[in-house]
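Listed in order, the protein sequences are those of chains E and C.
No gaps in the numbering here: position 48 of the first sequence is 48 in my numbering, and each next residue is one more.
No gaps in the numbering here: position 428 of the second sequence is 428 in my numbering, and each next residue is one more.
Note that these hints are calculated values from the structure, not bench results.
Note that the structure is a prediction, hence the values are computed from the model and not measured.
Built from N, CA and C at the ideal position, the CB exists for glycine as well.
Accuracy of the hints is not assured; some may be wrong.
[As the list claims (entries may be wrong)] Per the computed footprint, the stretches of chain E lying under chain C, defined by three or more beta-carbons under 8 Å from a beta-carbon of chain C, are:
no. : region
1   : 99 to 110
2   : 153 to 163
3   : 233 to 239
4   : 278 to 284
5   : 308 to 320
6   : 464 to 470
One-letter residues, chain by chain:
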Amino acid sequence: MNLSQTALRLLNRRAFLSQTANGLAGIALTSLLQAESARNHAAEPAGTIDPARPSAPRPPHHPPRAKNVIVVFCAGAISHVDTFDFKPELIRRHGQRMPGNESLISFQGENGNLTRPLWTFRPRGKSGKMISDLVPRIGDRADDICFLHSLTTTSNTHGPAENVMSTGFAFDGFPSMGAWINFALGSENQDLPAFVAIEDPRGMPQSGPNNWASGFLPASFQGTPFSSTKPVRYLNRPDSVDLQADTAARSALAVLNEEHGKRFPGDQGLMARMASYELAARMQLSVPEATRATAEPDHIRRLYGADSPNKTKAAFATNCILARRLIERGVRFVQLFNGAYASGGQLNWDGHSQLQEQYAVHGEILDQPVAGLLMDLKQRGLLDSTLVVFCTEFGRMPMFQAGTFGRDHNPNGFTCWLAGAGVKAPFSYGATDPFGFRAQENPLTVHDFHATILHLLGLDHQRLTYYHNGIERRLTNVHGNVIQEILA
Amino acid sequence: MNTTHVHRPPWQTNPARFRPGHWLGILLFMLCSGFAAETETHWSLQPLRPVAVPDLQDPWIANPIDAFILARLRSEGLPPSPPADAQTLVRRMFLVMHGLPPSPDERIRWESDTKDLVDFLLQSPRYGERWAQHWLDVIRWAETVGFETNSPRPNAWPYRDWLIDSLNADKPYARFLFEQLAGDTVGEDAALGFLVAGPANLPGQIGRDEESMRQARQDELDEVIRTVGQAFFGLTLGCARCHDHKFDPITARDYYSMQAIFAGLRYGDRRWRGTENDRWTAELPEAARKVAALENELGGLQCSLGLLPSLADQQEEQFRPMIATAVRMRINATANGSEPSLYEFEVWNRPTPGEPPVNVALVANGGRSSASSFALENQTRHPDNLNDGTSDPRLAFPWKAAKGGSAWIQIDLKQPTRIDRVTWSRGMSVPVDYEIQIQDSQGSWQTVANTRRRFPRRDDQRKPADLALEDVSPEQQETLAGLLADLRSAQARKTRLAAGPQVYGAVFSTPEPTWLINRGDPMQRVETVPPSAPAALGNWSLGNNSQEPDARIALARHLTNPGHPLTARVIVNRVWQHHFGTGLVTTPSDFGKMGSRPSHPELLDWLAAEFLRTGGSLKRLHRLILESNTFRQANTPRAECIARDADTRLLWRFPPRRLDAEAIRDSILTVAGTLNRKMGGVGFDFFKQKGGLSDYTPHETFPAEGLRRMIYATKIRMQSVEIFGAFDCPDAGQMKPTRSRSITPIQSLGLMNSPFVNHQASLFANRIRHDAGTNLETQVTLAMDHALGRPASPGELLSLKELAGEHGLEQVCRVLFNANEFVHIP
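So here's chain C without its partners, still in its complex pose (with noise of 0.2 Å):
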C-alpha cells in the first residue's frame, strides 16, 4: 500500500490550510491505527486466488462445498451431522428459498424427491419474493422520503418489482449491478431506484442559509455513497467523508471522487420507459392536435370579443402617470379559488429623463406592506414579503392571506410620488379578477387598472358567471368557460403522455464540480476532484470534465471486472447469510478491517470463483448450497460439538433460526388460507396513510390487497408496523444488512393478542372444519400438518384436542401460530 498517498491530509493540497498541529495528531493516529506498520493487504482486497478443492474422500460430501466444510472440520476434529430428516428438510428448504411454509400436499410430493425440490423451489415467483427482501434490507429502501416529512415516494414501487423480476429471471450479478448505478443507459429506468433508495431531507426542509444547503447537498449525496460502498464494495466509504477511514486504505479523496461520480444525481421521479411509455407515446399526436384545435377555437373567440390578452405569472399594469400616497390591489378572485398570495408587489415611479425608474414600494425605498390577513404557517406569509424586493421561490417567501375569498394588499409610499405602472409576481395562486387603486395626496381612492377586459387565463377555474367580463354575454361566458375547461383537460392528458409514466429513481443533469472538503465541512473547500474508484482498488480516474452517465457506467465496470476483489466475495457471502442465517463473513457489508474475517476463506474464494464461472448466477449459487450436504444436514445439537463451536460457525450441523418478520406473517396467511399471491405494483398499505408526518394509525384488517405478502406492503421509513415490527424488521433509517432476533414480550402480545392474529386463526380453524370435517383428532392433526408439517405427539393430540373441545379449534389455531416451532426454520 502507498501510505504516502493513502495518508495525504486533505489540506496538504492547500498551504494556506496548513496548522502544524495537524502533523502530530496525524503521526499519533497512524501509530495507534497501526496503519504505520502495516505492510499486508487487507484480505478483501487480495486479488481472488485459484482455490484446490480439498482431495478427501467420504460419502457425506456430496459438492465441493462439503469438501470444504468437511476438511475444516476434520481440522476441529468435530463431526458433520447425518441428514435431516425429509419432512425437516423440505420444511427448511421452502422457508429458506420462499419464506412460506408447504402446504401438507406440497410436502408429501417433495419428500420423495428433494433433488427435483430444488428446481421447483427456483422456477417459483416466490423466490424472488423471498431474496428481493433481504436486498432492501441492505439499502434500506422506502417508500418514503424518512426525516420530518416522511412525505410519500408515490412512484418509487416500481424499484420493488424490478428487483423481484430481476431475481426470478436470475440476471447475471453483472447486468443486475450494472442497471442499478447505469440502468437509464439500457432502459431499465425503475432499477435506478436503488440509487436513491435512502433517505433524503426535502428541499422545504433545509435552512435558507448556505451551509444548510450545502450540507442537505453532501448528506443527500452520502446517502448514495453509502448505498453503493456497502451493497457492492461491501465497505463503509461514509468513514472517509471527515477524514481518511481510521482502518481501511479509503481516504478523504477517495470519497469525494466517488461522490464526484454521482455529481449529477438528483433524488425524483423520471420517465419510466418501456411498453407502457410507448402506448402513451403513440398517443401524444392525436392528444396534441386536440389541444391545438381547442387553442385555435379560443384564440378566435379572443378576437371575436376584441379582449386583452390573458394575465401572465408576473404581470405589468400600465396607467397614466398620476401622484400617489399609497396603491392597493383588491383581489376578488384567484385562478383556482385557493388564497390570494403574492411573491412581490412593485410601484414604479416615472422619472425624470435620463434617470432609471424606481420601484418606489421597496422597503428599502421607504415602502410600508399591509394586507387584509396574511396565514399563519410554519413559514412566513407576512405580507412584508411583499416589498422586501425578491420574488424568487427558492430565496424568498410569499404574502399569502389567511383564507379563500377576496383580499388586499397595500403599499403606502414613503413620500407622494409620481407613479405610472405597478408590477406583481404571483405567489402561491394567481389573481385573476382584481382591482388596482391608488390613493391621491388628498386621500381619496381611484381605480387604474382591472381584469374586467382580459381574456381569462387557461387555468382560470372561475363559474361562468363568475369571469365578471365587460361587454361578454352569458352565453359567450359559458362558452368560453366551458372551452378552457375543456382545454385544460386536453392540456394534462398530453402533458400526462408527453411526460411518459413516471418512476422515482435518480434523476441526472450536467455534473457539478466535487470539492474535496475538511473534515467534511461544506464551508471548508479545498480543491475539485474528478471521478474515480478508491484508489487502494484500482486507477481509473476520469477527467474533470466527465460526462453523464460516463462516471457510472465506468464504476460498474469496474465493479464487475472479474478481477475486482470485492464484487463477487460480497455478494456470495450474502448468499450464504440467508441459507445459514450468518455468513462466511459475519459482516456481510463491511469487508475491511473492522469487519470480520471469513471462517472459511478458501470456500469464500472458491464460491466467488464459481459463482464468476457459472455467469454470475445467483441460482446457480443457490442450488450448489441447497445440493450440498452442509445445507442438508440435521439440526440437532450435539453437546461435544456445542462445546468447541457454539456459534455452529463450523457448520457441523444446520443451525435452525427464528423466521424474519416478513416470513412470520406470509406463513400465518399461507396457512390460514388467506394469502393472496398476486404479485407486483402499488403495494398495500399497514396504515391509513402512505406517508407524512407522525401519528400513523394502523389498519388492525385487511381486505384481500392487504394479504399479500409483506413485501408489498408499502414502506414508510421509521414506522414500525403492528404486530410484526417487533420482529426486528428494519426501519430503514440505516442499512441493515444483518437482522438482530431479538425477543421481546411485545412480540408476543401481537401474536396472542392482535385482532389481525386471532382473525386469521378463526380463518384456520374454518379451512381446518371445512376440510376435516366434525371429528377433533381429524381437525387437530391437520390442523398440525398446516402448521408445523407434522402429526402432533400422543401428547400433543390430547392437549389440543381438548382445547379444540372446549374453547374451540380457533385456540388450536391462535396456539400454533405462537409456537416455537412454527417461527423457526428447523
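This is chain E alone, in the form it adopts within the complex (with noise of 0.2 Å):
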C-alpha cells in the first residue's frame, strides 16, 4: 500500500468530484481507478480511501504485531536517571564534577555536580531489572516491558521536542504519529474516532493539539481530544433542541440533501458528508458508552487508582481505564498524557528547581495507573495485540543545574520503553555511559522508535508517505531504522 499521491487523488477526487454510480461509466471509472493505481505503484495492492469512511479499515505493509497503540507521553521530560536507567557510578561519584564535562553549559546554563538518583534502585520483577522507588508499581512489571535505554533527540527545547516526539520534526505543523497510522490503517470501529488524544486532568502538554494535529494530513485523520474530565466538543444535542425537535430536523436535512443530490448523482463527497451526520448520530451514543469508566467494577478502578483521594491521580487513572476501554472498541491510536505544559516543574516532569519534592508528586500519579494499565491489558489478553509506548522528549541530565536542586534537559540519552505486542519482554536495549549523560551502546534516534512503532503495525516507514509542497513526506523524515534486536 502506498497512500501518497494516488490516496490523496482519490480521496479528493471521490469526495468532491463526481463518480456516477450507475451504469457502464461507473465500471469504466473503477477501472481507471485500479489502472491508475497498478501504474504508480505496480506491486502494491491500491490504496483508497473513501470519504464516507476515512477511517475504514485498511491493510497494512505487511502482517502487523500490534493492532493498536497506547501512548503514555510524560510531558515535561521526565528524569531517566531517577527512574528506569541505573547508574552505580553516578551514586559513586555523587557530588563530584562529571570527568571530561566539567563546565558543561546546557539549556539553562551552568551545571553543579553529579547528583546520585534521588530513589533507591531495586531490583524487580523475575529479571530484577533495576528501576527506582519513583515508579514502584511499574516497577513491578518490568517483566513485561522492553525498555530503550538509549534514545537521543535534536532538539533541547519542550515545545521542539514534544514535536519531535510527536511528530518526527522539531517544527509546528507536521502530521503526528496517530495521524499517519490513522491515516495508513483507519480504525476497527466507525463509531468512535479512530485517534483519541486523552490530555492530563491538570492541563495540555507543552506544543499542544501539535501532539496529535493532522498537520498537512487531511483534517479528518487527526486526534480528537477527549477525556474523562474533558467530553468531546459539541456531542448532545444543546438543550434548546429536544429530541422529537432533533429528529424531525434530521429528516429534514435528509430531504434537502437528496433533492441537491439529485443534482449530482452519484457524487460521493455529498454522500460522505451525509454519512458523517450518522455517524455523528451514532457517536453520541458510543462516545458516552466508551468514555463510562465509571461502569467499570471497583477492583478495577482500585486497580489503577481510580478510586485515590488524590484527585489529579484518579482522573488521570480514569483515563488510564478510558484508553483501555477505546482499545477495546477498536479505536486504533489511545495519546494519553502525563503532565501539563512548562510550569516550572509543578504541573509537569521539568524538575529544574526542585526536583524531588516535584517528583514525589507526578511519580503518585504516574506510577499505579500506568502500572494497571498494564496489568490490566494483560489480564484481558489485550497486550497481545496492543502496543504500550512510554515516551517523553527528552532525559535530564546527570547532575543539579548550578545553585538548583534539579536536573537541566539533556537531548543526549534518554530512556523510553515499549510493552505488549510483538516486542521482547523482559528486555534492556542500548545504553548510557556510566553517568547517564550520552547514548553510549545502540544509540538511537525518535526516528528509529518512530520506525519500530509502524513496523509493528505492519508499516514500513519508507513507504507510508504523503506529498507535501514538494516532498513525499514522512513521518521519520528521511532517517529512521527498526530496531530489530527489540522484535519478539
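Could you fit the two chains together into a complex? Lean on the hints.
Put into C-alpha cells, the structure is as follows:
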C-alpha cells in the first residue's frame, strides 16, 4: 500500500468530483482508478480512502504484530536517571564534577556536580531489572517491558522536542504519529474516532494540539481530544433542542440533501457528508458508552488507582481506564498525556529547581495508573495485540544545575519503553554512559523509535508517505531504522 | 544546466573536510536521481514563450481562455458544458469572489446582468477580504510566535490590513511583491510582516549553548527563506538547507546565498510610518519640552535638598576600609515593588599598593552566597547567580527573591579580608531602599551604606511616605513623589511618541556574514557566501559586504524582471486555483520536479504573459476568468466525461466544491443578518486569551465585534478554532497553499450542536419572521431564498413547513446551515 499522491487524488476525486455509480461509466471509472494505482505502484495493493468512511480499516504493508497503540507521554521530560536507567557510577561519584564535562553549559546554563538518583533503585520482577522507588508499581511490571535506554533527540527545548517525539519534526505543523497511523490503517470501530488524544487532568502538554495534529494530512486523520474530565465538543444536541425536534431536523436535512444530490448523481463527496451526520449521531451514543469509566467494577478502579483521594491521580487513572476501553472498542491509537505545560516543574516533569519535591507528586500520579493499565491489558489478553509506548521529549542531566536542586534538559540520552504486542520482554536495549549523560551503546534516534512502532503495526516507514509542498513526506523524515533486536 | 556547478559538494572548497566516502554517495545519488542524465531544463524554469491562441471558431468561446480549454477538450473528445443558469452563476460568483452568498435582492438584481456583476464584485471591499485569506494560507501567517510559548504578536494585524487594501486597490503584482520584500524603502512598513509571518522560537526558549543559539538563528532565517521561496518562486528551497536539492537545481550554496540576502533580518516590531506616525512626530516637541521642564524642576529640588545622586543600575558603594568576614545587603524596597532581584554582587578588597583589586565575593575566590529566599521558576533564580562572575543577561540568570517586600542576600568571604567597596548589578528589579552591612571578625554587624540620602531614581514608584529620606519633610517627599510620577508619565509619552506607532515586521541591521554550512549543521561552517538568487535562475550576486537593503531590492528586481520564468506563472496559477478549486499546476507552491506538471501548459504561459502585459493586475486576471465560458458553464456531471476525466482537470464543467471554513462562518452570519462588516484594525478573539501556553478557552457567544468576517479573527498558531477549525482551517504551522477538504463527524457535531450555530439559527429565524410575517410557507420560502438562493421544491417545502410548524422556524434555519448545498460552491 502506498497512501501517497494516489491516495490524495483518490480522496479528493471521490470526495468532490462526481463518480457515477450507475452503468458503464461507473465501471469505467473504477477500472480507471485501478489502472492508475497499478501504474504508479505496480507491486502494491491500491490504497483507497473512502471519504464517507475515512477511518475504514485498511490493510497494512505486512502482517502486523500490533493492532493498536496506547502512548503514555510524560510531558516535561521525565528523568531517566531517577527512574529506569540505573547508574551505579553516578551514585559512586555523587558530588563530583562529571569527568570530561566539568564545565558543561546546557539548556539553562551551567551545571553543578553529579547527583545520585533521588530514589533508591531495587531489582524488580523475575528479571531483576533495577528500577527506582519513584515508580515501584511500574517496576513490578518490569518483566512485561522492553526498555530502550539510548534514545536521543534533536532539540533541547520542550515544545520542539515534544514535536519531534509526536511528529518526527521539531517544527510545528507536521502530522502526528497517530494521524499517520490513522491515515494508513483507519480504525476497527466506525462509531468512535480512530485516534483519541487524552489530555492530562492538569492541562495541555507544552506543544498542545500539535501533538495530535493532522498537519498537512486531511483533517479527518487528526486526533480527537477528550478525556475523563473533558468531553467531546458539541457531542450532544443543545439543551434548547428536544429529541423530537432534533430527529425531525435530521429528517428534513436528509430531504434537502437528497434533493440537492439529484443534481449531482453519484457524487461521493455529498454522500460522504450525509454519512458523516449519521456517524456523528452514532458517536452521540458510542462516546458516552466508551467514556463511562464509572461502569467499571470497583476492583478494576482500584487496580488503576481511580479510587484515590488524590484527585489528579484518580483522574489520570480514569484516563488510563478510558484508554483501555477505547482500545477494546477498536480505536486504533490512543495518546495519554501525563503532565501539563511549562510550570517550573509544578505541573509536569520539568524538574529544574526542586526535583525531589516535584517528582514525588508526579510519581504518585503516574505510577499506579500506568502499572494498572499494563496489568489490566495483560489479564484481558489485550497486551497481545496492543503496543504500549512510554515516552517523553528528552531526559535530564546526571548533575544538578548550578545553584538548584534539579536537573537540566538532556537530549543526548534518555529512556523510553515499549510493552506488549511484538516486542521482547523482559528486555533492555541500548545504554547511556556510566553517568546517564550520553547514549553510548546502540544510540537510537526518535526516527528509529517511530520506524519500529510503525513496523509493529505492519507499516514500512519508508513507504508510508504523503506528498506536501514538493516532498513525499514521512513520519521519519529521511531517517530511521527499525530496531530489529527488540522484536519478539 | 551546469551540472559540475550544481553538484559541487559543500565541502569541496575545504579540502580538510574531504572524505572519500562522500564521492561514492554523490555518484549514487546522481545515478538514482537521474540528474546525471538530465539535459533539458525543467519546464517551469524555461522562459515564457509566446503562445498563439488556438484558432477555433466556436460560439462557446468567449475569450482566449475558452479557446485553450476547448482545444484541449476537443482533442480529448470531451464536449464542454452549456452555460450555468443565472441563479447558479450569481451564487458561484459571489462565493468565489467574496466568500459570501448573495442576498435575495442581490441575486435578483444580478441574475439579469452577470456582466456588470463582475465590476460589482471586483469593486467591493469584500473581494480583498476573501482573497487575502488565500495569501495568508500560502505564507502561514499568524498572530502568535508558535512553538511552546506561542506568545502573541500584538502588532502583527496591520499586515492583514495592508494585504486586504493592496488587493482591493489592485496594486500591480510587482509592487505587491516589492513591498513585501523591501517595503521599508518605500514607506510600507506593514508589508514587512510577510517576511516574518512564520513561527520563531523566542530567545528565552533557546538553549544557552552556542550550538542551540546558532541553530535557532538558522531556524528563524529558514522560515524566511521558505516563505519567500514558496510564495514567490514556487520552489521548495528549504530542502537545500542540508544538501543540494534532490530534484530541483537548487544547491546548498544557493540556499545560503538566499540566506545571505536576509542576514540582517530580525523578527520584531518596527516603526509604522504613515499619517498616524506623522501626527505623533508633530506632538513630540511639546512632549519633550514637558519632560525637560520636569527634569529642571527635579534638578532644582535635588540641589535644594542637598541629596546624593540617584542610584544607577550598577551601583558602587564605598566605605572606609575595614576587615570583613561577610557582607550583607538588606533590601527593603524595589523601584516598582516587585521581588528583589540582582544579577551580581561584588565585594572588593583593599589591595596592597601595586596590586589590582580583587572581587572576593566570587565563588572562584571562595565567596559563598546565600539569601533570605529565592524564586522557584522555570529557570534558576538561586543566590549562586550572585557571585558567578557574570551579569550579562544573555549569559546568566539573576537571583530573585521568592516574593515582594524585604529580602537579604549575603556573601560569606573565604577569610577575613580588608574591603572598601561593594558593587551590585540590578536584576529583574532594582533596589531603591537598602543597607549594606559588614560583619567583622568578632561576628558583629555594622551598616556601612544606605539609601537614606539618595535622591530617588526616576523610576521609583514608592509612595511619598515610603521614600524614607533623612532630613526631608513629609511635604517635600510628597512634592518629590508627585514630580517623579509626572515625569514618568511625561517620559512615557515622549518615548512612545518618539518611537512612533509600531508594527510587527522584519527589522534590519547590519548583516552578519553568512556561512555555507555542511549538512545543515551550524557547527560545521565551510565558507562565507554573498547574497544572490539561485544560480539556475540568474547570475546576479552582490559582494560579501553588501548592505541593507541592497540585497532585498536586488531580489525583488530579480523576481519582477518580466523574463523571470516563475514569478508570473506561480501567481496566475494561484488565482486560477481559487476560481476552479484546483490549479493548472496542482502543487501551487512547488513548480519543481516533485510538483505536478500543468494540465494546460500553453494556457498557463498565455495567462502569465497576459498578466505581465496588463501590468500585473490581479483584477484584470479575475475579470478574464470570470468572463470566460469555462467559468460560466454548468456544473452538472456527465457520465461520459467522468469516465474520461473524473478530476475535471480538463474543465468540461465547472467543478463544484465545499466552501472553506471562513466562508462557511461568514455565510452563516450573512444569512442570519448578523454579519458585522467593519473592516480593518485589531482582530476579534475566538479564545479568551490572545496567545501563550496551551489550554485556550473558547468563546461560545460573540459580541458584535466577534461577528466580523473570520479573516479578522486573531490568528493563533497551532490552535484550531471551535466548529470551523475542523473544516480544514490551516493551523499556520506549515505553509498551506492548498487546503484539504475532508469530511468528518466532528464537523457535523459543530454545525448541528454548537451554541454558536444554534444561536445564529434563531437570529436567522427572527429575521425571517420579521420580514415574512406569520405564514409558514412564506417564511420557509424566504429562508430558502436567503440560505440557498432558490425556491423550495414541493417536497422540500412540505418537509420544512412541517418542521417549522411542529418544532419552530429555528429548526428550519439550523437545517439550512447544515445542508450540503449551503456549504458548497455550485
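A quick look at each hint next to the structure:
Restraint check on the region 99 to 110 of chain E versus chain C: 6 residues with Cβ-Cβ distances below 8 Å, three needed, restraint holds. Proximity of the region 153 to 163 of chain E to chain C, defined as three or more residues with a beta carbon under 8 Å from a beta carbon of that chain, is established by the 6 residues found. Given as covered by chain C, the region 233 to 239 of chain E passes the check, having 6 residues with a CB less than 8 Å from a CB of that chain where 3 are the minimum. Under a criterion of three residues with beta carbons nearer than 8 Å to beta carbons of chain C, the stated coverage of the region 278 to 284 of chain E is upheld, 3 such residues being counted.
For the region 308 to 320 of chain E, the proposed coverage by chain C is not satisfied: 0 residues have a C-beta within less than 8 Å of a C-beta in that chain, short of the threshold of three. Look at the region 464 to 470 of chain E against chain C: 4 of its residues bring a Cβ nearer than 8 Å to a Cβ of that chain, three or more, so the hint holds.
The earlier numbered hint that this structure contradicts is number 5, and it is the only one.
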